[in-house]
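Trainee: In case you want the letters, here they are:
Protein chains: 2
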Amino acid sequence: MEYKISDKLAALKPSAIREIFKSLSDPTIISFAAGNPSPLSFPAEQLAELSADIFANDSTAALQYNITEGYPPLRRAVAERMKEKFGIGSENDTTIITTGGQQGIELACKALCNEGDVVICENPSFIGALNAFRSNGAKLVGVPLADDGIDTVKLEEALIANPNAKLLYLIPTFHNPAGITSTLENRKKVYELAKKYEIVILEDNPYGELRFAGENVPTYKSFDTEGLVIYCSSFSKILSAGMRIGYVCGPDEIISKMVVAKQVEDVHTNVFFQMLCYRYMTEKDLDAHIMKIRALYKSKCDLMVSELEKNMPDCIKFTRPEGGLFLWCTLPNGTSSAEFIKKALERKVAVVPGTAFNCDTEAPSDSFRLNYSMPSDEDIVRGVGILADLAREMFC
Amino acid sequence: MEYKISDKLAALKPSAIREIFKSLSDPTIISFAAGNPSPLSFPAEQLAELSADIFANDSTAALQYNITEGYPPLRRAVAERMKEKFGIGSENDTTIITTGGQQGIELACKALCNEGDVVICENPSFIGALNAFRSNGAKLVGVPLADDGIDTVKLEEALIANPNAKLLYLIPTFHNPAGITSTLENRKKVYELAKKYEIVILEDNPYGELRFAGENVPTYKSFDTEGLVIYCSSFSKILSAGMRIGYVCGPDEIISKMVVAKQVEDVHTNVFFQMLCYRYMTEKDLDAHIMKIRALYKSKCDLMVSELEKNMPDCIKFTRPEGGLFLWCTLPNGTSSAEFIKKALERKVAVVPGTAFNCDTEAPSDSFRLNYSMPSDEDIVRGVGILADLAREMFC
Chain X
-16 MEYKISDKLA ALKPSAIREI FKSLSDPTII SFAAGNPSPL SFPAEQLAEL
34 SADIFANDST AALQYNITEG YPPLRRAVAE RMKEKFGIGS ENDTTIITTG
84 GQQGIELACK ALCNEGDVVI CENPSFIGAL NAFRSNGAKL VGVPLADDGI
134 DTVKLEEALI ANPNAKLLYL IPTFHNPAGI TSTLENRKKV YELAKKYEIV
184 ILEDNPYGEL RFAGENVPTY KSFDTEGLVI YCSSFSKILS AGMRIGYVCG
234 PDEIISKMVV AKQVEDVHTN VFFQMLCYRY MTEKDLDAHI MKIRALYKSK
284 CDLMVSELEK NMPDCIKFTR PEGGLFLWCT LPNGTSSAEF IKKALERKVA
334 VVPGTAFNCD TEAPSDSFRL NYSMPSDEDI VRGVGILADL AREMFC
Chain H
-16 MEYKISDKLA ALKPSAIREI FKSLSDPTII SFAAGNPSPL SFPAEQLAEL
34 SADIFANDST AALQYNITEG YPPLRRAVAE RMKEKFGIGS ENDTTIITTG
84 GQQGIELACK ALCNEGDVVI CENPSFIGAL NAFRSNGAKL VGVPLADDGI
134 DTVKLEEALI ANPNAKLLYL IPTFHNPAGI TSTLENRKKV YELAKKYEIV
184 ILEDNPYGEL RFAGENVPTY KSFDTEGLVI YCSSFSKILS AGMRIGYVCG
234 PDEIISKMVV AKQVEDVHTN VFFQMLCYRY MTEKDLDAHI MKIRALYKSK
284 CDLMVSELEK NMPDCIKFTR PEGGLFLWCT LPNGTSSAEF IKKALERKVA
334 VVPGTAFNCD TEAPSDSFRL NYSMPSDEDI VRGVGILADL AREMFC
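Sequence lines, in order, name chains X and H.
Sequential numbering from -16 applies to the first sequence in this note's numbering.
Sequential numbering from -16 applies to the second sequence in this note's numbering.
All clues given are correct.
One copy or two, either will do: identical chains are not told apart, so a pair holds if it fits within one copy or between any two.
Lysine-lysine pairs mimicking DSS-like chemistry, simulated, CA-CA at most 25 Å apart: (1) Lys(-4) / Lys325; (2) Lys(-13) / Lys171; (3) Lys179 / Lys(-13); (4) Lys172 / Lys(-13).
These are calculated hints, taken from the structure and not from any lab test.
Remember, it's a predicted structure, so these values are computed and weren't measured experimentally.
Construct the entire structure; sequences and hints are all you get.
Mentor: Encoded structure:
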């Protein structure tokens, strides 16, 4: 039989990152391509201890169906933590638990976009989000990133040109892939534009707690007096990525529709791990654990930056992140990065091509993304050396 | 700000069942409204033992990201078990792990249906599936259920009348809510129609292993020579519902698109519990465990049927299930069941109205669903007594 795939999925390619992830079975490859947190960031022993206790004392609830919105004590704990630490959440907001931060992004689009509606995104942006929007039949309009955040002049042009834009997707802090954190001034301007053009902001903040340098910048959600912001985050980078526990805080009216959509996607998120998260938050010291992860990533990022500074020819530009997992490198004179990346892989160093993060999948990119959370210190030194040699041969 | 909800979600109501589930906090209510497996069906001690071992020896893999298709050893174990026990899966098929059986249903629709395309369903049918189709903007066309399965004459009429029908959704075994198992003859006829009209069958079989009486009937997938069938099932009713582990077996070409869609919904399913499932399947005796669940449900179902036979006036019809979790009761002369259900709830017995399972949400129903897996034996006796008294007062 000849199958007819839906229009929205027919054109959608698997994420280049996850395809690279699958091909990394060759152990001689140095991978800067991952988006994974370091396994050192998983508090396995403490989770094991709490798990044993859940099995011993609460197994029926942990293994049975629960409500779609999430395990109530975890919802409350997450909402309280967001409020106390980050000033997030008003009385018109609701917090729900999602199957990873990814599901929050996808549900927000499903709740607000008809097929053909526009989602305005930073360009480049997180491919998982871009593909989530595409999988809902939304059209992407990319607005370039400047050093201080999304280009607000071009953003206003995009808002005027696309009256059917329903969502403005932003990763303001430790941007993936670009490594940028937008300034408060930029955020305030963007918020005013969102208010003026009546568009909902989807603020994706998976790395926000991983700041290891510089000063905190308030999230959009923390100054969201108008109910414009849906805020997504997760435990993937601070407890475990594999457990798939995320959360969303946003206006009741939208969240209630996201709950209906979640109900028919997976009924609810794994209950056992929701309980485990809750127990960890209330019985262990999550903040102290996060401090350890920050120190680890600071040391890895510092090493990668210093190796790049020492070895990379000046014609290659790269960001100096203050947190998160990624560095963003740009080749000189707008050269497409495809050839460089191919040759790097031949020399056994894997990076992610900038094209993977483009709103327009046909557009070229002069950039690529480097991850520093996963490789060993030794691999960082060796891998950057190989990339620097290649860059000198090719460009400078 | 005034929010504009997408057309496909604006009209979608939360599942009546899950809303009832939430309202059942009153402990004096006897609930026949659940869809939950009995907590006695969760092998908590064995899962605890295996969990401790995973934390001790494999915690990094269990807590890290993995591939979207599912934990490879679990995929293989599930595919092998389906093949060996049920003859399911050809060389053109692929098996993936989903976040509950629910996600398989939703992804199948997303992969095959554009907004406005038709999904043909048994009427009544599983509300979670109907709402999954609605949430993708599909239109539902209901075909009545006869005693031997979907009405094949009306099905052919529906196929002729709806050339844009992309999916035929069926729960052939221990139907939810109707409790019917369709005959092999009926299945063969339906399969021929699907072949003739080139429509993909989505076979949902969450209860298939819970047969406690009668003879096995081959699944559609087991005689699917043409690659017409996507088969969904899960571990929810045999290991744990709360862990959300399901699986789908279907033609490569469709499954590969479902994988892309899953990637942007939740990246992958909880890895720890995928490993736990795999360990349970290979180190414990799943079949022996399922035999215990069957014996439990047989005893509960027998009790409910015998109490209904003893007490219910003859004008009330009900099914005699050979497996699964549900009985389906029908009031005399097409009377709407709304008033009966309301009065039953006043007398502290909760059931699910048949309207919740209608393809047409405005259509009335003369039926309601009873669950026997969750209530205690005492509650089954008392609750059926209350329903029978009410039926006598109202109808006979």
